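Colleague: Could you build the full structure based on these sequences and the hints that come with them?
For the sequence shown, our numbering begins at 1 and goes up steadily by one.
Rather than coming from a laboratory, the hints here were simulated on the basis of the structure.
Because the structure is a prediction, the values reported are computed rather than measured.
Any given hint might turn out to be false.
Said to hold, decoys possible - Distance ranges between label pairs, derived from CB positions: (1) Arg10 - Asp36: 18 to 24 angstroms; (2) Gly2 - Arg43: 32 to 38 angstroms; (3) Ile33 - Pro8: 17 to 23 angstroms.
Note that CB positions come from ideal geometry on N, CA and C, so glycine has one too.
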Amino acid sequence: MGARLLSPARCPGEVWALVTQCWQPDPLRPQEIMRDMNHMLHR
Numbered sequence: 001m002g003a004r005l006l007s008p009a010r011c012p013g014e015v016w017a018l019v020t021q022c023w024q025p026d027p028l029r030p031q032e033i034m035r036d037m038n039h040m041l042h043r
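Modeller: Structure (structure tokens):
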């Protein structure tokens, strides 16, 4: 497996947490990510 990128300097922590969730092998991940993205967009 390759190395993971570091968080960009201006990337909000909440967005970076979502990015790192994409690297998890959890089969439920797509639903969780969509829920979190919708939550961030509708605040």
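Colleague: Hint numbers the structure violates, sorted upward?
Modeller: none
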